[in-house]
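A.B. asks: Given chain G's structure and the hints, the job is docking chain F onto it.
There are 2 protein chains.
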Amino acid sequence: MANRASENPIITPAMVLPSRPDFEVLGVFNPAVTRHDGQVVLLVRVAEAPRKMSSALAAAPIFNADTGRIEIKRWQVTEKGPDVSDPRLVVDNGKTWLTSMSHLRVARSTDGIHFDVEGLPALVAANAYESFGLEDPRITHLDGVYWITYTAVSHYGIGTGLASTLDFRTFERHGVIFPPPNRNVTIFPEKIGGLYAALHRPMPEGLGQHSIWTARSSDLKSWGSHRLVATPRDGGWDDTKVGGGAVPFRVHYGKEDGWLAIYHGVTGSPPTYSLGALLLNRHDPSRVRARSREPILKPEAPYEREGFFGSVVFTCGALTDGDLVRVYYGAADGVTAVADLSLQEILSGLVEA
Amino acid sequence: MANRASENPIITPAMVLPSRPDFEVLGVFNPAVTRHDGQVVLLVRVAEAPRKMSSALAAAPIFNADTGRIEIKRWQVTEKGPDVSDPRLVVDNGKTWLTSMSHLRVARSTDGIHFDVEGLPALVAANAYESFGLEDPRITHLDGVYWITYTAVSHYGIGTGLASTLDFRTFERHGVIFPPPNRNVTIFPEKIGGLYAALHRPMPEGLGQHSIWTARSSDLKSWGSHRLVATPRDGGWDDTKVGGGAVPFRVHYGKEDGWLAIYHGVTGSPPTYSLGALLLNRHDPSRVRARSREPILKPEAPYEREGFFGSVVFTCGALTDGDLVRVYYGAADGVTAVADLSLQEILSGLVEA
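From first to last, the protein sequence lines stand for chains G and F.
For the record, in the first sequence the residue sitting at position 82 is 82 according to this note's numbering, with numbers rising by one throughout.
For the record, in the second sequence the residue sitting at position 206 is 206 according to this note's numbering, with numbers rising by one throughout.
I should point out that these hints are in silico values taken from the structure, not numbers from a laboratory.
All the pointers check out, no bait thrown in.
In this list, chains with the same sequence are indistinguishable; a pair is considered to hold if it fits within one copy or across any two.
In silico SDA-like pairs for lysine to any residue, Cα to Cα no more than 20 Å straight-line: (1) 95 x 240; (2) 191 x 218; (3) 95 x 210; (4) 241 x 205; (5) 80 x 96; (6) 191 x 287.
Chain G on its own, in the form it takes in the complex (with noise of 0.2 Å):
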């Protein structure tokens, strides 16, 4: 059904020069996408690690607010710790690093499939919100200006924030729109009943799970009528989290138009992210219409199923011309990746709610 491109991985982390000299590139995975000046734009999170000197010693990059740069945390790694067995970690006296920084950088394509990647970084950390980072970009199209939220991670939590750009060359911060723990938030392209809508995913622990919310707005930078719009379902592959993948877009279903969005299910542990899509009511985007039984796109590929961190698939942008919806991922945690699907496929393999 998913018919991804011959040439996937399409972007790869040799594709992409390091941020600085000292660092190596880990990954380039989970791009928004958009068109912009006749091209499809991406903006592609870049995951970078200082390069490795000795495997006796631990590494974690992180930007300090109160002098404006990234400084490197080293740690001698002995049998009394620090805690370094998940590679992506370093868990020192409870306090928890990564050894990973991730950056927003712009992608450029004619055919939407061959990516020139940006010599230099779009988006780095530049505030105590980011001060491990920024992830997992979307972006809207909305009143003539882009619209970028994206995964803001530091000491702080992991929260999202929001920037615009007119071209992609300059970019203006709109702060935290959705505190800790907030992430995969995509911003509907228009007006809904007068207001902004968005697509979030709190994450509580203990009371409540980890499921997509949708939100309104009079500004795009002030959110309110927070609403429960999907839980994980028993038993499937979507049974432990689900977050919003794509920015939602407008199809025909049945009677009357509705939103589909493409979002992210995770099971298993280790986990296993695929993707599936909720057809949301056009006037009422909390409301679940239908929703996909089976994945519509899972780990299958070697580059989806290997990598920084395996069997993942996950979305944060899709393009649509009539019946082909073209889905940018990033597979693995790695690289990115792109398939074509087919709208009344998808439509066809959603069950009502």
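C.D. replies: Structure of chain F alone, referenced to chain G:
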């Protein structure tokens, strides 16, 4: 330093009629406070549970949004489960239920010490976000309206709802303003720099701590510009969690006014909840000027040390008059108490942040 009322506890479960004959009142605590119509008005949290019929049965009250009624879910307690080791919870197949449900009720007083508790609830569970009840209200009098924030608890998580009233007889809801996991929301009693302001307390796990944040709004219903205010501090009475308490009020401090925010801090296991104060910049409440070195109130009286959940003093509101800061608080999650503090003593106990 804290001068507890000799009448403490000033409200006990024996003073409160249950909301239905098969319920018993377990606690009446954590009141919001304001002045209205020449009286001191409290909005108290009333925690109730189904009357115990057998120790072999566990029960959890839950509001069913489909039927609009409170239902009682019951379990046979066997060795295989459910887990009832924490008397506040029933954990069944990994899903958590509460053994009690709280609603909000009005109490009135002419002297601020002797209260009449209304016979009927003011705000009870009424939608899916409140299916486990409403907790820990705060009242802010603003633009002629009493705005009430409250914790909305359900299987969706622990979030914060907004309601308003003009007369404490009829109430209007305004939805979920801070999605789970987020509680302890206090709205400042005037606009700051043209925008409303609030303190809130997100609850991230892993990355991030249970810290106090601020947010801004133009309408009290949509919130943005989230910024960190204060985290737990190592090694003291507030080293595990901190959260907003009383609605902040303006004070003179040094060369310019600031906002005094009485907050709660948590330490230890089982936890001890004490109160301290933050002195915030008048024009930017995300900036802490000073902070209590030691608690201004900590569990010492018998009704604070022992109760439904011992070693807790927890405030949702205070009244001020010159040097007098009259703090209303919940004690041991069971009763309501009041203590008079000296503003100058609170201020002299602050250390620069």
